[in-house]
Each structure stands twice: as structure tokens, then as C-alpha cells.
Amino acid sequence: MAPGVKDSLRAVTPSQSNQVSNEGDVIKVFIRVRPPTEGPILNNGEHPGMCLSVLTSNTLRLHSKPEPKIFTFDHVADMDATQESVFSSVAKGIVESCMNGYNGTIFAYGQTGSGKTFTMMGPSESDNFTHNLRGVIPRSFEYLFFLIDREKEKAGAGKTFLCKCSFIEIYNEQIFDLLDSASTGLLLREHIKKGVCVVGAVEQVVTSAAEAYQVLSGGWRNRRVAATSMNRESSRSHAVFTITVESMEKNNDVVNIRSSQLNLVDLAGSERQKDTHTEGLRLKEAGNINRSLSCLGQVITALVDVGNGKQRHVCYRDSKLTFLLRDSLGGNAKTAIIANVHPGSKCFGETLSTLNFAQRAKLIKNKAVVNEDMQGNV
Amino acid sequence: MATPAAWAAACEKFRASLSLSQVQSQKDPENDPYKSKYRARELLQEVKALLGPAADEDEDEEAGGGDGGGPGAEEGPAAERAGPGARAGAGAGAEPSARAVRLAAVELQLGLNHIDTEELAAGEEHLQNCLRLVCRSRLEPAAVSLHLQAQNNLGILWSERDEIETAQTYLESAEALYNQYMKEIGNPPLDPNEHFLPEEEKLTEQERSRRFEKAYTHTLYYLAQVYQHLEMIEKAAQYCHTTLKRQLEYSGYHPVEWAINAATLSQYYINKQCFMESRHCLSAASVIFTQAEQTPSTEDTETEQEQQDLRQRRAEIARCWIKYCLNLLQNAQASLEDNIGELDLDKQSELKAQRKREEDEKENGRKKVVLFGTSDVCDAILAIEEKVACVPPLDFGEAREVFLVGQNYVCEAKEYFQVDGYITDHIEIVQDHSSLFKVLAFFEEDYERRCKMHKRRIAMLEPLTVDLNPQYYLLITRQLQFELAHTYYEMMDLKVAIANRLEELDSHTVKKINSLAQSAIKYYELFLDSLRDPNKVFPEQLSEDVLRPALVAKFHIARLYGKLITCDGRKELDNMQASLEYYMFLVDYCERYPEAVRAVETELELSREMAGLLPAKMERLRAKLSPFT
Numbered sequence: 001m002a003p004g005v006k007d008s009l010r011a012v013t014p015s016q017s018n019q020v021s022n023e024g025d026v027i028k029v030f031i032r033v034r035p036p037t038e039g040p041i042l043n044n045g046e047h048p049g050m051c052l053s054v055l056t057s058n059t060l061r062l063h064s065k066p067e068p069k070i071f072t073f074d075h076v077a078d079m080d081a082t083q084e085s086v087f088s089s090v091a092k093g094i095v096e097s098c099m100n101g102y103n104g105t106i107f108a109y110g111q112t113g114s115g116k117t118f119t120m121m122g123p124s125e126s127d128n129f130t131h132n133l134r135g136v137i138p139r140s141f142e143y144l145f146f147l148i149d150r151e152k153e154k155a156g157a158g159k160t161f162l163c164k165c166s167f168i169e170i171y172n173e174q175i176f177d178l179l180d181s182a183s184t185g186l187l188l189r190e191h192i193k194k195g196v197c198v199v200g201a202v203e204q205v206v207t208s209a210a211e212a213y214q215v216l217s218g219g220w221r222n223r224r225v226a227a228t229s230m231n232r233e234s235s236r237s238h239a240v241f242t243i244t245v246e247s248m249e250k251n252n253d254v255v256n257i258r259s260s261q262l263n264l265v266d267l268a269g270s271e272r273q274k275d276t277h278t279e280g281l282r283l284k285e286a287g288n289i290n291r292s293l294s295c296l297g298q299v300i301t302a303l304v305d306v307g308n309g310k311q312r313h314v315c316y317r318d319s320k321l322t323f324l325l326r327d328s329l330g331g332n333a334k335t336a337i338i339a340n341v342h343p344g345s346k347c348f349g350e351t352l353s354t355l356n357f358a359q360r361a362k363l364i365k366n367k368a369v370v371n372e373d374m375q376g377n378v
Numbered sequence: 001m002a003t004p005a006a007w008a009a010a011c012e013k014f015r016a017s018l019s020l021s022q023v024q025s026q027k028d029p030e031n032d033p034y035k036s037k038y039r040a041r042e043l044l045q046e047v048k049a050l051l052g053p054a055a056d057e058d059e060d061e062e063a064g065g066g067d068g069g070g071p072g073a074e075e076g077p078a079a080e081r082a083g084p085g086a087r088a089g090a091g092a093g094a095e096p097s098a099r100a101v102r103l104a105a106v107e108l109q110l111g112l113n114h115i116d117t118e119e120l121a122a123g124e125e126h127l128q129n130c131l132r133l134v135c136r137s138r139l140e141p142a143a144v145s146l147h148l149q150a151q152n153n154l155g156i157l158w159s160e161r162d163e164i165e166t167a168q169t170y171l172e173s174a175e176a177l178y179n180q181y182m183k184e185i186g187n188p189p190l191d192p193n194e195h196f197l198p199e200e201e202k203l204t205e206q207e208r209s210r211r212f213e214k215a216y217t218h219t220l221y222y223l224a225q226v227y228q229h230l231e232m233i234e235k236a237a238q239y240c241h242t243t244l245k246r247q248l249e250y251s252g253y254h255p256v257e258w259a260i261n262a263a264t265l266s267q268y269y270i271n272k273q274c275f276m277e278s279r280h281c282l283s284a285a286s287v288i289f290t291q292a293e294q295t296p297s298t299e300d301t302e303t304e305q306e307q308q309d310l311r312q313r314r315a316e317i318a319r320c321w322i323k324y325c326l327n328l329l330q331n332a333q334a335s336l337e338d339n340i341g342e343l344d345l346d347k348q349s350e351l352k353a354q355r356k357r358e359e360d361e362k363e364n365g366r367k368k369v370v371l372f373g374t375s376d377v378c379d380a381i382l383a384i385e386e387k388v389a390c391v392p393p394l395d396f397g398e399a400r401e402v403f404l405v406g407q408n409y410v411c412e413a414k415e416y417f418q419v420d421g422y423i424t425d426h427i428e429i430v431q432d433h434s435s436l437f438k439v440l441a442f443f444e445e446d447y448e449r450r451c452k453m454h455k456r457r458i459a460m461l462e463p464l465t466v467d468l469n470p471q472y473y474l475l476i477t478r479q480l481q482f483e484l485a486h487t488y489y490e491m492m493d494l495k496v497a498i499a500n501r502l503e504e505l506d507s508h509t510v511k512k513i514n515s516l517a518q519s520a521i522k523y524y525e526l527f528l529d530s531l532r533d534p535n536k537v538f539p540e541q542l543s544e545d546v547l548r549p550a551l552v553a554k555f556h557i558a559r560l561y562g563k564l565i566t567c568d569g570r571k572e573l574d575n576m577q578a579s580l581e582y583y584m585f586l587v588d589y590c591e592r593y594p595e596a597v598r599a600v601e602t603e604l605e606l607s608r609e610m611a612g613l614l615p616a617k618m619e620r621l622r623a624k625l626s627p628f629t
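Quick note, the sequences are listed as chains A and B, same order. For the first sequence, my numbering gives the first residue as 1, with consecutive numbering after it. For the second sequence, my numbering gives the first residue as 1, with consecutive numbering after it.
Since the hints were derived computationally from the structure, they do not count as laboratory data. Computed from a prediction, not measured in an experiment: that's the story for all the values here. A virtual CB, placed ideally from N, CA and C, is assigned to each residue, including glycine. Keep in mind that the hints are not guaranteed to be accurate.
[As the list claims (entries may be wrong)] Chain A residues, not near chain B, derived (Cβ > 10 angstroms throughout):
(1) Gly93
(2) Lys154
(3) Phe161
(4) Ala182
(5) Glu190
(6) Gly195
(7) Gly297
(8) Asp327
[To be verified] Simulated coverage check for chain B against chain A, where a stretch passes if three residues somewhere in it have a Cβ under 8 angstroms from a Cβ of chain A:
(9) 154–163
(10) 217–230
(11) 234–241
(12) 259–265
(13) 321–331
(14) 453–459
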């Protein structure tokens, strides 16, 4: 994880004031419950084969034994929620602030089969994104270009926009460009002006939602092809679609350039994997004993993390994903996490861990903390 | 008993099963991941059948007690067995029957197999069977390894069920078994899989010992994790340390990995202010890392990636060293400063006397630390340790020594973490460098020279802010702005102190003071501007994480306007007005949001006082000025 994230996590002390936190400080966490694939749904509120029930629009109850557990989130979408309603409660605000110059990120998290791809993309069969089951990513395109067109109309010829897309995949701590299937092993570097960037990733200019769809579906196809030809599961890779929006405004010879990034991320499945320490976010910690002695470092790192604000350096840190999304996890960005869960009682264990993850994610303060060290020199 | 032919078949099957589950299973297809494991399991069952039924002579009576099932029942007996009962067993020389041992070895493999294929309950049963079969003879060289490994694996199993306490019982019991065996018996025991090897393939004593010690190292490593999960952090660290030590002793380590682990552990000791242990870890890390650099990789041509990784790891270890030096210095500063942050001479002489007293006892303290390595490695570690102190420095000379070591590591770390490509890391290193200077300045008594040190800090930090894009590096940008502002502020204070000693203020000094104050104001304002939203509006309410820095910035700006020197009455009045406005911001803000008071108590008190005094002062000045206007 990025160093800033842990620091920010530490900065979160139980708030003693009852003030409402500033809009956008905290990562917004949404839960989406997918409908089960089979079995009857009873309408009496209690589902016999279900491990959870939605109580209100921001709470749900997990039928754990002996005591049921209540979780509270920014929003809980029940299984009848439409794609449109998920988009407007999660993504709309983030796309809007992207127009205002903020960076924005939307993650989908959850075990394989909990509906991440459905939420982000829509049903897999069709490549046209016109039907109303299309997911957050295509809807974000539409909304973004709608806003751009509106801005242009308002500002006239004085204001121009430039949108560039890139689409990469992270598998086994290696980065692949989905827009250029010939590429291998791309490097992550930090650029003084552009932040973290993937060296050599293709950036495709798009001028409309339709063009953005093409980039998306082309890349998505590469992802699926890769999944079969190299004999690897797609759910073990993270896919990151990035749109950079640049606006240029001319006001009497003064040129005002604004640039922001929107990252749309389909994370790898969160369930236990053969090799948990390279996959997934480090936020999710395995409660079990690691058998491999070569993971000793992780244990030691956990000990160092307990540090009390003393200066220290921990040699194991970023995974590629957390490095790439540094800003989204505790930087200068608006971030939302959609935690997808499957309500079936068979999925109880994974659902619980997803909910626990989501609960922790809420604690991440999405703003930079200033190290203010001054002792007694008022 | 089985016939020789049956026995040969059993051995063959057992070895085939091992190869299936350890080698073949790596290549199983994704859609049938346990294919080889299931096949191995079948073979093991066949071996078991060939060995004949389990019920054996006097095995049954023991089984009655041990078979209580469940973890609760196990806790009692497990602990008891390690106690007096065990000694009786060893004393009586309970030589295990070969068959019992062989069966136990099969049960252990079956247990592992079921656990690998996610059938925990069945796996547990087999492991318990294994324990039961060798229970009475667990201190025998033929059985001790089986017992130890079964307990290790039961520990893992229960941790997977999130029953950490139960896991802890098994692992601690394994630890006790090892210690008892080494104390009472001590010769290298048989390896669990050796029972199915023909005589001529039996392992050497050395190999037996190596495997047994490795299993025990695993026990300690699992215990480290158990203690970490139980939040017994100190114990966990101790077990990590011992694990590292044993890896080194039994050459079961990868040098780079080991070095990085040791360097990371040093950071734990820094947090605990155990500088001696921290230094030992770091020195060992440096020594072992050098081994890695010297041994060429197995392939003839090392890939560029590997070279790159090595360079990065070296830089990482250097960064751990920087933190060590920095913390040692800061720790010293904290123990030496008076209530306004200056060097307290009384404390200094007191601590120096104390250190003299302690020097004689130092040798004793030294022995408590678990030391890494054997003679030659030990000497190399010692040589590195000697280059830097592990007791906090007490005067400028000593502080400078530590500073110089830290500065060397800064250079080393920067070689890899260059601005181009590693912005965040690079800036963090420069910030540490600046902090090293800052704490060194604390020990410097000459104000002019102290000022020069701060000037060095500004020279290294200021260029970084020029191109940095705050949209991506907001946190760092703010930190730099704040640190720069504060450094200018300190320099101004120093110049004022120097000026106070002079008879008369010369124009050069006045200019210097004013320009430092202006620079400080500039960076505080930049920091405050970074809090504005994209429409340049300052937030009505400050969020918790920036509350104190923002209010402190306002307060310092208020003071800085008060310090600006001018002989133009109008200008002085303007400065006072600005100062008053900033003080008032603090007072008003805390009135609106009383919960902010906690963060800035002292500053608020002073601001209230100034807000009361300034208007009268300004009135007087105005009156003085009016005749001229």
C-alpha cells in the first residue's frame, strides 16, 4: 500500500466532535447485493437461503451466528436496484467533480461471481452499450461527454476539451496494455507533472462516448483473449480504465488549463487466492498463518506498522495496483468503492470478509495529511 | 506384519505419493487442481492397508485418553504430555514399534493431503491419529519429528478456522517438545519420510539435523504470526528475530530477502527506541546483503531486472539506516531540550554523568540481545556496528558523527531513488536529509552557523517545489510548503536573536530579517491556498487533518507581520492591521467551532491576548502619525 495510506489511516481517530465531515474527504463505500442465480426469492423479508438482508438504504443485516451483525454504509443497493440507480448514486458525483478538476476513482470489489463486472461493464454478451443493462463505465462515458458538450455550449469557442483513454491490466504484478496486445511488462514511474504513470501505455484520443465504447470493448476483448490463450483466469487480474480530461479555456489571452483523471477499476476477485500476498489490496489481511517462510517479511512489516508516529521506513510496500492508484487511496481525489456481495448462504464467509473490507475502507481519509512537527516554539 | 514384498510395495507407493503431491501437483490443470493430490491420497490409503490395522498392543489405552476430540479436550492433555508424563515415557524408554511409527508417518501425510485439498475436518483427524500413534514415544528419535510436524500443522489448521488460541496451544506445545528433546536426548532424529526409505538411502546425521531444525524454525515462525494476531507484538517481534537468527545459522535463507527482513525488523526496534537491537539488525542486513552482491546469480547473464532489483534493495536498506540515524538524533534532542526547545545545559551534564556510570554495565546489556551469525559473519557485523553509536549523542561532536553517517546513507539512497521516476521516494529522502540538518542545528550553539544549516535545508527543499504538480502530490507539496515556511521562520528568529545582541541595527540585518519573514509568509500562504477548492474558495470549516497546521500557519503569519521592521509609520500600521486580522481569524474560528480549541490551545491564548492589545497599540500609533498627515 502507498505510504500515505497507512499514515492517513492512522490519522483517523474517533471523531470527538459531532461535526459533519467535509464532502469528499472520506472514501464513499457502497454495497451492492446481486440477486442469486437460482432458487426462489421469498417476499416476506426473510430469505431462508440468504445470509443477509437489506434493512434500509444504508444498513444491512448479516445473519451471522450467534448474533446477527448490522453494517452501515453510505448506500446499500438491494438486489432489485437498477444499473441506472447504481450509476446515479455512485458515479454521477465523481464524474461531475472530474469536470471540476478533481481526480476520481471508482473501484468494484468483491469475490468472483459477486457481480463486479456486471456492475462496471454490464452483461458480457453484447459489445454495444446501448441497452439499459450497461454498467457504470459506459454510463460514465455518456455522462462525461454530456457534461463536456454542455460546457462547450455554455463557453462557446473559448473552451476546448481533450479526452484520452488508456486501458491496462495488472496480472501477477506485471502490467499489460490492453490497447496494445503486443506489449509486455510495462513499467510504472512517477512523473513530476503527471503523477504515477505507465511508461509506454497507449493513449487513445476520443471525442465521443461512442468512441470511448470502442476503446473499452476492444480492450475488454483483449482481456478475455488473454484469459484463455495464456491459461489464466481473468478474475485474477485487475483492469484499470483511465480517462484523462483536459480542458483549455482562453480568457483574453490568459490560457487556463485544467486536467483530471478518472480511473474505473475492476479488481481481481477478493476470495482467497493461491498467492494472497501479490494479489489484491493489502488492506485485506489474511487472518491465517502463512506457511511460507519467505513471507516472514510480511509479519515483520505488520509489526512495524503498529509504530507510534515515529519515523520509519518499511521496505515492503506498494503492490503495482496500490502504487498506480496512490492518489485514489488517500491522495487528492474523490473515490468510491462498490463492494459487491452475493447474498447466498454458501457465500457467507466471503461476504463477511467483503463487508469487513468495506467497513475498513470507510476509515481511509481521502485527503493529504500534513506532517506538522513543531515542538514548543510558539 | 507385512511380508517383505508387501513392505517393498508400501515403500514404493509412499514415495510415489510424495512425488505426486510435491512435484506433480504443481502442474495440475486449473479445472482439476487437486488431481495429483487425490491420486497421492489413494496411494497413502493403500500403504496404510498394507501396513495392517492400527489397533496395536498397548496403543488402545492411550487412545482412550487422547481421543477426547475437539480442541478443548486437546488443550489439557497436550500441556500435560509435555510435563511429567512425558518424562516418565522417556525414562521408561518407550521404544516405538516400527509399525506405529510408519503408520504415524502415513497419517501425517494423509493429514497434510486433506488440508491441502480443503478438507480440514478429515485432515485434523489424521493429524490427531498421528499424534496418538507416537504419543508415548514422542521423545524418541524415531518419533519426535512426526510429533513436532503434526503439531505444527494442527496449529496452521486451527488458525485457518480463526481459532488462534487453539493454534497457539499446539504450537507452544511443539516448541516445548523441541526444547525437551534437545535437552534430554539431543541427537539428530529421523525425518518423517525416512521410515519408508531403504537402508542405503537413509539420511546422514547432518541432513536429519538440518530437517529437524528447519521444522522447528517453522514452529517459531508460526508462533510469531500467532502472537502477531493476538497482538502480543513484543513476543511476535522476538520470534521473528529468532526465526531470522535460525535461518542464518542453518543457512536456510535467501540473502536479499533475509537482509530486507532484518532491515525491516530494525524499524520495529526504532519504534521501541531499542537502538542497540536496531543497529544490530541493520548491520547484519548490510553484511548479508553484500553476500548477495558478491555471489553471481545462477545464470551466466544476470538480467537487467535483477540488477535493478538489487540496486533498489540496497537503497531500501540505506533508507532504514537513515531513519536509524534520524531517530537516534531526535531521541537525543527530546531528552536534552528545555521547554522552549533549546539545549538544556543542566540536562546535558546530568546525562553525561549518567552515561559514565552506565558504561561499566554496558557489557551486561549487550548479552541480552540475540546476536546474529557465527564468528566470521559476527565480526563483519561488529565492524559495521562500530561505525555508528547506538546511544543518543549528547553534544555537537557526537551528534555530528551520527549525522555524517546518516548523510552518507542519504547519498546512497538517492543514487537509486532519483527524481526522475521516483518522485515520492526521492522527496522523502530529501526530507529526511533536511530533518537530519534540523536536529544537528539543535546541537549547534553558534547562531550564525545554525542559520547556515537551515539555509542548506532550504537549498535542498525549495527546488523540489517548483515543478511538483499538487494535483498528484498534494500531501508532499503541503509538507514541503509547511517545512519551508517553518525553516524561514526559524531563520528569522535566529537573525532577530543575533540582532538583539548588537548595539544598533544595521540596514543589512533589517533587510535580511524582513526578507526571511516575507519568505516564511509566502510559504505559509501557499500552504493555506492549497486548502482552497478548485474555485479558489477557502473552506468554511477545516477538516480535522489540516485543522492544526492551518491554524498554526495563520498564527505564525500573524506573528511574522508583527516582526517586520519598518520605519514608515503607515507601513507599520498596515502590518499591525494584517497581524490583527490573522490573530482574529484564530479567535473567531475557535468561537465558531469550539472543538478546534483543543488543537491550538496555546496559540489561541496568545492570539486572544494580541487581539486585545493590538487595537490600543494601533490607536497610539495612529495618534502619533496624525500630526504628520
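Taking the hints in turn, this is what the structure says about them:
1. Gly93: holds, 14 angstroms
2. Lys154: The assertion about Lys154 (chain A) holds, with a minimum of 16 angstroms to chain B.
3. Phe161: holds, 16 angstroms
4. Ala182: holds, 20 angstroms
5. Glu190: Violated, since 4 angstroms does not exceed 10 angstroms.
6. Gly195: Given a closest Cβ separation of 3 angstroms, the condition is violated.
7. Gly297: violated, 5 angstroms
8. Asp327: violated, 6 angstroms
9. 154–163: This one holds; 5 residues, not fewer than the three required, reach chain A with a Cβ under 8 angstroms.
10. 217–230: With 9 residues closer than 8 angstroms to chain A, the region 217–230 of chain B meets the three-residue bar; holds.
11. 234–241: holds (count 3)
12. 259–265: holds (count 5)
13. 321–331: With 5 residues in contact (Cβ-Cβ under 8 angstroms with chain A), the coverage given for the region 321–331 of chain B holds.
14. 453–459: violated (count 0)
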